[in-house]
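> For reference, the chains in residue letters:
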Amino acid sequence: MAFTAFSTGTAKEQAPRRKSKIALLLLLPGILYLLLFFLVPLVALIATSLQEPVPFGDFGQYQTAFRWQNYVEVITTYGDQIIRSFTYALLATIFALLFSYPIAYFIGVKCRQWPLLQNLLLVLVIAPFFISFLLRTLAWKSILADESFIVTGLKALSLMAPDAHFTGTPAAVVFGLTYNFIPFMTLPIYAALERLDTRLLEAGRDLYAKPATSFFKITVPLSMAGIVSGVLLTFIPAAGDYINASSRFLGGSSTSMIGNVIESNFLVSLNYPAAAALSIILMSIILVLVTAYVKRSGTEDLL
Amino acid sequence: MAAASGFAESGADLDLVGIQKRFPGFTAIEHLDLTIPAGSFFALLGPSGCGKTTTLRLVAGLEDPTTGQVLIGGKDVTKLRPFERPVNTVFQSYALFPHMTVLENVAFGLRRRKIADPIDKAHEALRLVELDHLATRKPQQLSGGQQQRVALARALVNRPALLLLDEPLGALDLKLRRQMQIELKSIQESVGLTFLHVTHDQEEAMTMADTVAVMNKGRIEQMGAPEVLYELPRTAFVANFLGQSNLFTGPVAGTTADAISVDVAGVKVVVPKSRAARHTGTVTIGVRPEKLALHTEKPATDASTNALGPGRVIDVSFTGVSTQYLVDIPGVGNVTVFTQNMGFGPTAHEGAEVWVSWHVEHGFGLEDDPDAEPRFSPDADTQMLAVQTKNELQSELEAEEA
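As given, the protein sequences belong to chains A and B, one line each in that order.
Everything in the first sequence is counted per the working numbering, starting at 1 for the first residue and increasing by one.
Everything in the second sequence is counted per the working numbering, starting at 1001 for the first residue and increasing by one.
Treat the hints as calculated values from the structure; they're not laboratory data.
In this text, a Cβ means the ideal position worked out from N, Cα and C, and glycines have one as well.
A few of these clues could be false.
Here are the simulated distance ranges between beta carbons [as the list claims (entries may be wrong)]:
#1 F215/A - I1182/B: 27 to 35 Å
#2 V220/A - H1133/B: 44 to 52 Å
#3 H1133/B - W68/A: 37 to 45 Å
#4 F1026/B - Y33/A: 51 to 59 Å
In silico PhoX-like cross-links for lysine-lysine, where the CA-CA straight-line distance does not exceed 20 Å [what the hints assert, rightly or not]:
#5 K217/A - K1114/B
#6 K110/A - K21/A
#7 K1079/B - K210/A
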């Protein structure tokens, strides 16, 4: 057939990479910054996590040592909080994804013909950032408080038990986390969907794909980069969050997460090695989970 | 899903009945009645914005008609959604799924319809377009021509009753396009499906299709076999969109039993009644440039020949197989003449005094009311513009020299 005549064309070759001194020079400030503000503190944190109390010293006095038992102690003491942190973060990530995807799809795909509306809606997504995150969480605390009209209303309608609370429950903490991280989930998904070629969806429909099938086989895979970024941007900070779960905000004594434990060890009981060990554990678990997740979703080039 | 289940045994008829499509602000299709018989290769030809792509999208189900019905194989599919129609499309942009391999792209439609052995069938379709060795590649790793063939395989593998082609060869270079045209035609003949091909390339439409419909401003101007459309265009639009034409307008001056004669700038131009759409009033007569003969002396006219002249050759361009002359005949306007370069016959140089003649049987009378359109639209002829610009530049040069 005639095809053989022009089937020799191969894919574009990658441009050869040239090592250049200028590139290295341009990278230098960044490398210095990372060394100074990331690597040094990290080493200091690891060193702190292995310190031991000064014998007969003052409260909160520690000296350099190699006390690896610190790790065993914090894991046995705070195992519940560690598991709780990742459970809450996971739930918040799932809810944020379920809320954000339709919002991002609506703004990025459905509103394409009206760029003005698109921008307006994006501003609405970002608008909460104009107000401090602490203030917004406090506002939710009073909205959801026992004496608020929502809770009294639900109780009047017998949808809530008369002695039930909302603030201080795990549901309130997960709600707060979800609420606070929705913009971080929405924006990267929006960025991915905004580039989605809708002609591919037409091709899918033409090839017998029902709307749901073309969504899961075409739209979702093509927005995967946005989903992965959104999940990382939500899950990582949510796992370490200590505001929402704090009893001064939406949480209670039974909802404390790893961040709350680190805070209290560091600021209240002045147990710096325990706080540092917990931080290292939090960081390691996140690193392992994120690596596994990114590997699974096949978007290694994100990391 | 009944309509889309299983492979089509053969092509299906397509009927468009009283279709109209309005978008906010403009009407894409004024009124369309069209029947495409099963197994035919049908081309919709027209300039961009004439409604041909909209027609295709209506058939695919990607747009809904404002009024009218779409019937495939006698079955009304107007209300069916695209995935329920026994139709596949080769998109102008190819629209290959970038996250899937070539093989998965081709197998996509088969998998959706749960047809057995999708992978085997996809390989088979890729072998048909000679791309099976690239089955594991991603579409973006292929060249434009290869992507186009994948798009074709992805549509063909479903054996649709009706295959829609939306300018599928638009992105290819000339040589590749020729090869693909032949390939498409032979695939259509071997699988016996109905092809509906949309294009703005008149040569492509004429070489590939059994039937060509010329569309303009949301209407079909004329429809028929390519030879018929070329030899006997009915409107000025068709006469000029499908090849080039020389058009002369004048009142009917005389009628015989089988011919009418039209007064063009004092000269009687005869055209057979059977080749004229109208026989009274003001009529536009056309003749193709290659049907004209160029004479350096006044030709002897008889009943079977029309002659115009004298005129002056204002431009000569050599194109290899033929030479194109532009002749300015006072009172008539510019006449284009193509002569074959066969090494004999008169040749004329610029400025020469010439006559043109043609056989009466080669003329055609248009249906258009010439009053509706300007007799010779001044901006229509790019060749004329080129000549004008050239002359202006030349006179400028001469003025400078003087």
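> All hints, please: hold or fail.
Hints, verified against the model:
For the hinted restraint 27 to 35 Å between F215/A and I1182/B, the CB-CB distance of approximately 39 Å leaves it violated. Range check, V220/A to H1133/B: Cβ separation about 30 Å, and the 44 to 52 Å hint is violated. A hinted range of 37 to 45 Å is violated for the C-beta pair H1133/B and W68/A, which are about 57 Å apart. Checked against the hint of 51 to 59 Å, the pair F1026/B and Y33/A passes, with Cβ atoms roughly 57 Å apart.
The hinted pair formed by K217/A and K1114/B meets the criterion: a straight-line CA distance of about 15 Å does not exceed 20 Å. The straight-line distance between the Cα atoms of K110/A and K21/A is roughly 47 Å, outside the 20 Å bound, and the hint therefore fails. Of the supplied pair hints, the one linking K1079/B and K210/A holds, its CA atoms being roughly 15 Å apart against a limit of 20 Å.
Of the numbered hints listed earlier, those contradicted by the structure are 1, 2, 3 and 6.
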